[in-house]
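The whole structure should be built from the sequences, with the hints applied where relevant.
Read in the UniProt record's numbering, the sequence shown has 264 at position 264, and its numbers run on one by one without any break.
Just so you know, the hints here were simulated from the structure itself, not pulled from any lab data.
Accuracy of the hints is not assured; some may be wrong.
What the hints assert, rightly or not - Listed next, the in silico BS3-like pairs over lysine-lysine satisfying Cα-Cα at most 25 Å (straight line):
1) Lys-341 - Lys-74
2) Lys-162 - Lys-181
3) Lys-80 - Lys-341
4) Lys-337 - Lys-74
5) Lys-337 - Lys-299
6) Lys-293 - Lys-341
7) Lys-341 - Lys-299
Quick caveat: nothing in here was measured; it's all calculated off a predicted structure.
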Amino acid sequence: MSRGGGGGDGVTEQDTPPATSPRGRSEDAPSRSPSLPVVAPEKKKKLMREHEQQPSAELPDDVLIEILSRVGYKSLCRFKCVSRPWLDLCSGLDIRKRRSPQTLSGLYFFGQEHDEGLQFHDLAGGAPPLFNAGLSFLASYHYQRYSVEKCCGGLLLCMCWKPRSVQVDCDYVVCNPATDKCTVLPAIEVRDRPETLRLVGGHLCDIDLAERFLGFDTANPSNFVVVVPLAYYFDVIGELAIYSSETGRWTFALNEWSRDAMVRRDQPAIFLNGIIHLTTFDSSIVTVDREGKIWREIKAPCVSEAIGLSQGCLHTWSVDDCCQLFVWVLEDYASGKWTLKHTANVLGLFGRHSCKDDSPTRCWQFIQIIIHFSLLMGR
1 MSRGGGGGDG VTEQDTPPAT SPRGRSEDAP SRSPSLPVVA PEKKKKLMRE HEQQPSAELP
61 DDVLIEILSR VGYKSLCRFK CVSRPWLDLC SGLDIRKRRS PQTLSGLYFF GQEHDEGLQF
121 HDLAGGAPPL FNAGLSFLAS YHYQRYSVEK CCGGLLLCMC WKPRSVQVDC DYVVCNPATD
181 KCTVLPAIEV RDRPETLRLV GGHLCDIDLA ERFLGFDTAN PSNFVVVVPL AYYFDVIGEL
241 AIYSSETGRW TFALNEWSRD AMVRRDQPAI FLNGIIHLTT FDSSIVTVDR EGKIWREIKA
301 PCVSEAIGLS QGCLHTWSVD DCCQLFVWVL EDYASGKWTL KHTANVLGLF GRHSCKDDSP
361 TRCWQFIQII IHFSLLMGR
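Here it is as structure tokens:
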């Protein structure tokens, strides 16, 4: 039937052609849309990045974990910043166990005064200790009593006495509590000396042999050195005796540092790349190799309180009158150029506004422990 009941023209609704646009395309015809939605270039790039940031699904989990457990720590930290899935993967317990099968058990340190002796602070959180902190293994070396004189990382320098030994008749022993192994240092034999230097049991009695410096190679703890100042002239060292675990003997060398280089006896030695580093009172660090042939002085960037080793680089730090802590790193060893690495407010580290309730010595002891722990963990 025609529209409106009339059929004069004989054209039905079905026969009426649809309206067309000026360009000839039907207005009622569906538009020619692409098969995929149009994606803006920025959104497309974002989708591609998210796809690339997903941990590889083609590798088995155990293989991927094994790979990540072998990469450097800095690279692993960079992987954590890629995306949240990478953060979860790199922070997983399996990777941490593979990278650190044994965590730090504790810290050796001397009390507020050296007379308090060596103390051990347990960090295992109640877990069974990984080593013998009490040094009971010294009994297997037939030592009845001992006194720890120096500590450096995981090594201890002890004076040890056998049963019925007199006070001056002792052995100097370097022991590793983690392995229960000890190295007995040979006696220091000094030839061509005036008769005023008495020898008892092979040791110089008029020189305080407790003033020894212990240093070891962090990459190989069995490789260590012991440095003994043999003569002091107004706190300036005249000669050094250097023991190397590689040679198993003492080497004697006359001091070639400047007369102003007064070594601090209360600070540890750092053994890095075969070189011994000692702190002085005049804002410098003096070095000597284990053979006593290469001598050097490195100017410190500040009045150095102490030196430490982290990530294969020498560090030093100081605290100013405003309780501001500065940590420097010797990145360019050849030129002696230091770079400021960290700054922090000491009082903020303890969550207080002053240290008036503590002695300056105890406050500084806390600072030393925090810094040594941070350097040990590579932070």
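Evaluation of the provided hints:
1. Annotation: proposed proximity of Lys-341 to Lys-74 holds, straight-line Cα distance about 16 Å (limit 25 Å).
2. Proposed proximity of Lys-162 and Lys-181 is supported: the alpha carbons are some 17 Å apart, at most 25 Å.
3. Restraint check: the Cα-Cα separation between Lys-80 and Lys-341 comes to about 22 Å, which is no more than 25 Å; the hinted pair holds.
4. Only pairs whose Cα atoms come within 25 Å are accepted, and Lys-337 paired with Lys-74 is accepted, the gap being roughly 23 Å.
5. At most 25 Å may separate the alpha-carbon atoms for a hinted pair to count; Lys-337 and Lys-299 meet this at roughly 9 Å.
6. Of the supplied pair hints, the one linking Lys-293 and Lys-341 is violated, its CA atoms being roughly 32 Å apart against a limit of 25 Å.
7. For a cut-off of 25 Å, the pair hint linking Lys-341 to Lys-299 stands: about 17 Å separates their Cα positions.
Going down the numbered hints, you'll see the structure goes against just number 6.
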